[in-house]
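Chains as they are written, first to last, in my numbering: chain P, 19 to 342; chain G, 166 to 489; chain H, 635 to 949.
For the record, the hints were derived by calculation from the structure and aren't laboratory data. Heads up, the beta-carbon is just placed ideally off N, CA and C, and yes, glycines get one too. Any given hint might turn out to be false.
Calculated lysine-lysine pairs in the DSSO-like style (CA-CA distance at most 27 Å, straight line) [claimed, not checked]:
| hint | chain 1 | residue 1 | chain 2 | residue 2 |
| --- | --- | --- | --- | --- |
| 1 | P | K82 | P | K97 |
| 2 | G | K405 | G | K386 |
| 3 | P | K144 | G | K405 |
| 4 | G | K386 | G | K294 |
| 5 | P | K82 | G | K386 |
| 6 | G | K405 | P | K141 |
| 7 | G | K386 | P | K141 |
| 8 | P | K97 | G | K386 |
| 9 | G | K294 | G | K405 |
| 10 | P | K82 | G | K294 |
| 11 | G | K386 | P | K144 |
Here are a few chain P residues that sit away from chain G, every Cβ distance over 10 Å (derived from the structure) [stated by the list, open to error]:
| hint | residue |
| --- | --- |
| 12 | A51 |
| 13 | E54 |
| 14 | G92 |
| 15 | R150 |
| 16 | R191 |
| 17 | Q217 |
| 18 | P301 |
| 19 | E327 |
| 20 | F334 |
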Amino acid sequence: MTALLDVRNLVTTFPGGAGTGLRAVDDVSFQLARGEVLGLVGESGSGKSVTGFSIMGLVDWPGKIAEGQIIFDGSDLAKASVETRRSLRGRRIAMVFQDPMMTLNPVLRVGTQMTEALHAHEKIGKAEARARARDALGLVGMPSPEERLDAYPHQLSGGMRQRVAIAIAFLHRPDLIVADEPTTALDVTIQAQIISEFQKLTEDSGTAVIWITHDLAIVSGLADRIAVMYGGRIVEAGGIAEVLERPRHPYTRGLIQSVPSENSRGTRLTQIPGVTPSLINMPEGCAFRTRCARATAACVQRPGRFGDEDSYHRCFHPHEEALR
Amino acid sequence: MITSLIRRAIQAGFVIFAMTLIVFIGVNVIGNPVDILINPDLNQAERLRVVESLGLDRPLWQQYLSFLHGLAQGDFGDSFVYSKPALDVIVERLPATLELALCAMLIAIVVGLPLGLYAGLYPNRVSSKIIMTGSILGFSLPTFWVGLMFILLFAVQLGWLPSNGRGETELLFGARWSFLTADGLAHLFLPALNLALFKTSLILRLTRAGVQEVVMQDYVKFARAKGLRENRIIFVHILKNLMIPVVTIIGLEFGSLIAFSVVTESIFGWPGMGKLIIDSINLLDRPVIVAYLMMMVVLFVSLNFIIDICYTLLDPRVRLDGKG
Amino acid sequence: MDSNSVPVADPHGNPPTAAGSAGASASRSIWPALLRFFSAPAAVVGALGLLIVLFVAIFAPWLSPQNPFDLMQLDILDSRLPPGSESFSGVPYILGTDGQGRDILSGIMYGLRTSLIVGLASAIAAALIGTTLGLMAAYVGGRTEGFMMRLVDLQLSFPTILMALMVLAILGNGVTNVVLAIIVAEWATYARTARGTALVEREKEYIEAARCLRIPGHRVLLRHLLPNCLAPIIVIATMQVARAIGLEATLSFLGLGASVTQPSLGMLIANGYQYLLSGLYWISFYPGIALLITIVSINLVGDRLRDVLNPRNAR
Numbered sequence: 019m020t021a022l023l024d025v026r027n028l029v030t031t032f033p034g035g036a037g038t039g040l041r042a043v044d045d046v047s048f049q050l051a052r053g054e055v056l057g058l059v060g061e062s063g064s065g066k067s068v069t070g071f072s073i074m075g076l077v078d079w080p081g082k083i084a085e086g087q088i089i090f091d092g093s094d095l096a097k098a099s100v101e102t103r104r105s106l107r108g109r110r111i112a113m114v115f116q117d118p119m120m121t122l123n124p125v126l127r128v129g130t131q132m133t134e135a136l137h138a139h140e141k142i143g144k145a146e147a148r149a150r151a152r153d154a155l156g157l158v159g160m161p162s163p164e165e166r167l168d169a170y171p172h173q174l175s176g177g178m179r180q181r182v183a184i185a186i187a188f189l190h191r192p193d194l195i196v197a198d199e200p201t202t203a204l205d206v207t208i209q210a211q212i213i214s215e216f217q218k219l220t221e222d223s224g225t226a227v228i229w230i231t232h233d234l235a236i237v238s239g240l241a242d243r244i245a246v247m248y249g250g251r252i253v254e255a256g257g258i259a260e261v262l263e264r265p266r267h268p269y270t271r272g273l274i275q276s277v278p279s280e281n282s283r284g285t286r287l288t289q290i291p292g293v294t295p296s297l298i299n300m301p302e303g304c305a306f307r308t309r310c311a312r313a314t315a316a317c318v319q320r321p322g323r324f325g326d327e328d329s330y331h332r333c334f335h336p337h338e339e340a341l342r
Numbered sequence: 166m167i168t169s170l171i172r173r174a175i176q177a178g179f180v181i182f183a184m185t186l187i188v189f190i191g192v193n194v195i196g197n198p199v200d201i202l203i204n205p206d207l208n209q210a211e212r213l214r215v216v217e218s219l220g221l222d223r224p225l226w227q228q229y230l231s232f233l234h235g236l237a238q239g240d241f242g243d244s245f246v247y248s249k250p251a252l253d254v255i256v257e258r259l260p261a262t263l264e265l266a267l268c269a270m271l272i273a274i275v276v277g278l279p280l281g282l283y284a285g286l287y288p289n290r291v292s293s294k295i296i297m298t299g300s301i302l303g304f305s306l307p308t309f310w311v312g313l314m315f316i317l318l319f320a321v322q323l324g325w326l327p328s329n330g331r332g333e334t335e336l337l338f339g340a341r342w343s344f345l346t347a348d349g350l351a352h353l354f355l356p357a358l359n360l361a362l363f364k365t366s367l368i369l370r371l372t373r374a375g376v377q378e379v380v381m382q383d384y385v386k387f388a389r390a391k392g393l394r395e396n397r398i399i400f401v402h403i404l405k406n407l408m409i410p411v412v413t414i415i416g417l418e419f420g421s422l423i424a425f426s427v428v429t430e431s432i433f434g435w436p437g438m439g440k441l442i443i444d445s446i447n448l449l450d451r452p453v454i455v456a457y458l459m460m461m462v463v464l465f466v467s468l469n470f471i472i473d474i475c476y477t478l479l480d481p482r483v484r485l486d487g488k489g
Numbered sequence: 635m636d637s638n639s640v641p642v643a644d645p646h647g648n649p650p651t652a653a654g655s656a657g658a659s660a661s662r663s664i665w666p667a668l669l670r671f672f673s674a675p676a677a678v679v680g681a682l683g684l685l686i687v688l689f690v691a692i693f694a695p696w697l698s699p700q701n702p703f704d705l706m707q708l709d710i711l712d713s714r715l716p717p718g719s720e721s722f723s724g725v726p727y728i729l730g731t732d733g734q735g736r737d738i739l740s741g742i743m744y745g746l747r748t749s750l751i752v753g754l755a756s757a758i759a760a761a762l763i764g765t766t767l768g769l770m771a772a773y774v775g776g777r778t779e780g781f782m783m784r785l786v787d788l789q790l791s792f793p794t795i796l797m798a799l800m801v802l803a804i805l806g807n808g809v810t811n812v813v814l815a816i817i818v819a820e821w822a823t824y825a826r827t828a829r830g831t832a833l834v835e836r837e838k839e840y841i842e843a844a845r846c847l848r849i850p851g852h853r854v855l856l857r858h859l860l861p862n863c864l865a866p867i868i869v870i871a872t873m874q875v876a877r878a879i880g881l882e883a884t885l886s887f888l889g890l891g892a893s894v895t896q897p898s899l900g901m902l903i904a905n906g907y908q909y910l911l912s913g914l915y916w917i918s919f920y921p922g923i924a925l926l927i928t929i930v931s932i933n934l935v936g937d938r939l940r941d942v943l944n945p946r947n948a949r
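Just chain P, same shape as in the assembly:
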């Protein structure tokens, strides 16, 4: 079976720095099968969101996709026309944003913002569009959806707004949803509700998901596979259980150890020393070497991929043992 999405050597740059510009996404490759959930994990500034926007074709000007391919269902999005990309957006590839307080237009009614998404891709009547919008709201667990259609965003809570955004994303039963930290801005209890509803919807519609987050705990319960990003590159990728149990890359290991868990009760949480380097002064070779206890002179070289396409890391000195 061919992959639904096959990102090959994607490079997204922003002007600045020397030479070809700042590489916010640097040689990123991964595949996604239909219905699969990929957790794209990294700190802020690691390039995970830009990767998401690159797939959507929504990289903010003056950033651009400089190299690589984004093959979606057999055709390369990086080379697709503006109109082709638009017609795919929302219909076959949807996105949910991080901050629900900001993603809905404050001066348009919820219903309008939902039906316009339908009208953009289908020729349907007003009444039908409204009915479908109402059903979609019902599916995401919105109480009294009919009335909510006439509400303005500011009348809804953050959790409700994110439900609306998710309902919009699922309107066309897309093949792929890019979820950019959709629960980060929400209360923990609401987070859990939203995640479980999200999961239910993706299972029902067979939608593949790229779940972008910095929160390993969410990914561990949600994703089939995981890709850890650092400094614009994927430093480690693999099946979720495999990576969480036996992280090879020192950064992945550091990330996991900095999350409190039942095993670590009573022990001191370890933290990764230093701070994330900015794009402007990214170290040569392995971007993590300046913070890495295992770094040697060899790390000045750029580490290639060790492993196969589905499971690999980029480290000259990987950990071999399982975590505790």
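Following the hints, put chains G and H in place on chain P, whose structure we already have.
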């Protein structure tokens, strides 16, 4: 919302009342009404008689009360020049000024809004830079001088358009209007364009600044992620958010257009209130001056009031919260 | 570069202030600021234009071919000559002559003087009054502040020309009254800016400390609040000088302004108005160009000043 409207109305009433005090003090205390009102050729006995007949010998508070009393009845006294009630003289000229100001505002909106939208959406195009440089000129060019140059170019050199008066007028709603006849329109064009110049630059710059702020918002990106067509994003999502500041400014600036029509009317011999007030100041026609000033005060206060209402209608956040 | 950002009061009515504390840091690093200032070509053009205008205005008596107000030097036979002609006695009139045979170029040089003096005097007076009131409002606070800011809001809701007309309607015509009118029309802008910046400063700890040390009020105002509010005030003042010159020209053009013996640029333009319809363009045209150069130069300089002095714009 109703309570806030009532509060605004009370505030507006208070401002008008305060302005009557200021105008009264200005005219009757700081200025010397005896010098202004009385023909210097009169002898002492005649002077005293006039002072008495005008009530200028009474205590100030009595004078003020009778001033207020007259005001309430729209009685500002008779114009010395036209020997008619001052208010009538002004109201006769009102349609001409309104017509000019409305046309100028129309030009400013029709030219400024699209150009500002364009310059804001595509800030890096050469055409946008030309537009913005042009708008600096619009700010810096002295309006009256531009008016003269219009006359020189279009009336004297090219002979295309007339430069003086209203031309043929037609009766509508009990007032005479130039825009109803071809000749009147030809007379209207240059003054309206002249008056519009500054406001065009203003609206252009505000629109551009607004667009640049709105396009950065997540909800615009989300609208793109829904696969909406560019037209819908620009004309619904961006423009609707833009309308709040733009409508405010259009409302506020309409009053200032009426005030600035003083200059344009003087240049183009447009028989409106502006030309009247300049003539009245030069001829020391005090009742007309006072009537004009009070009329302007009422106009501005009511404009501000109307803008508040429009604001609440446009912005659902203000409308439903009932405050702002 | 950033030449396309002339200040516009934003729709919520906030003045274009630099609501930070640029003053303290700006005074320490004047050279980098100067360098930054001149890194924009538009600012260089503006500064150059302003220098030329100032030079001409100051040295008008020595630079001008004739003294346009010395009736002895005027010859009615030379009236209304087009640009480039020569006088009866062979002196060239580069920009032509007006209805009284006055050399336009000399008229412009002297007119520039009047315009600049009126513009500067009124803008400076308005700045002094407005800043003082604004700072005091911020310092005193409470009801005084509330009342003063209400007044400022009220004032700013009326266009400047209307305020000026009100003053002139009450006081009558004349140069001094025009200066007064401009002050009345413009003090509020300064007051709002000064208060806005002072409010930010007021909350800072050093003011608190100064109060605790029982340093007298006027000292806190002058030594602590004022220096920190200076940067935005300077920016506003620059722009307001341009506005004052424009307003003076407009009022003079309307016949409400400067005296006939010392005509400003606005008056020169007004004098040419009557000849315009017969195609004698130069009497109005060239003074207008001079006015335009003056205003644009000041605006360009002010625009750049704002970018340089505003910490928020320092990218």
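Query raised in the report: Checking the smallest CB distance to chain G, is P/A51 really beyond 10 Å?
Result: 23 Å, holds
**Report entry** Holds or violated: G/K386 to P/K144, with C-alpha atoms at most 27 Å apart
**Finding:** At roughly 24 Å apart (the allowed maximum being 27 Å), P/K144 and G/K386 satisfy the hint.
Query - Proposed proximity, G/K386 with G/K405 (alpha carbon, max 27 Å) - result: 15 Å, holds
Query raised in the report: Taking 27 Å as the top limit, are the C-alpha atoms of P/K82 and G/K294 close enough?
Result: Distance ~23 Å between P/K82 and G/K294 Cα, so the pair holds.
Query raised in the report: Do the alpha carbons of P/K97 and G/K386 lie within 27 Å of each other, as the hint requires?
Result: Within the cut-off at roughly 21 Å; holds.
Query raised in the report: Does G/K294 lie within 27 Å of G/K386 when you go C-alpha to C-alpha?
Result: 25 Å, holds
Requested in this report: Please work out if P/K82 and G/K386 have their alpha carbons no farther apart than 27 Å.
Outcome: Given pair P/K82, G/K386 holds - Cα atoms ~16 Å apart, limit 27 Å.
Query raised in the report: Minimum Cβ separation between P/P301 and chain G greater than 10 Å?
Result: Answer for P/P301: holds, closest chain G Cβ roughly 31 Å.
Query raised in the report: Against chain G, does P/R150 keep a CB gap of more than 10 Å to every residue?
Result: 14 Å, holds
Query - Non-interface claim for P/Q217 versus chain G (Cβ beyond 10 Å) - result: 21 Å, holds
Query raised in the report: If you draw a straight line from the CA of G/K294 to the CA of G/K405, is it 27 Å or shorter?
Result: Answer holds: G/K294 to G/K405 is near 25 Å, not above 27 Å.
Requested in this report: With 10 Å as the threshold, tell me whether P/E327 passes as away from chain G on beta-carbon distances.
Outcome: Non-interface label on P/E327 holds, nearest chain G Cβ at 29 Å vs cutoff 10 Å.
Taken one by one, the earlier hints all hold for this structure without exception.
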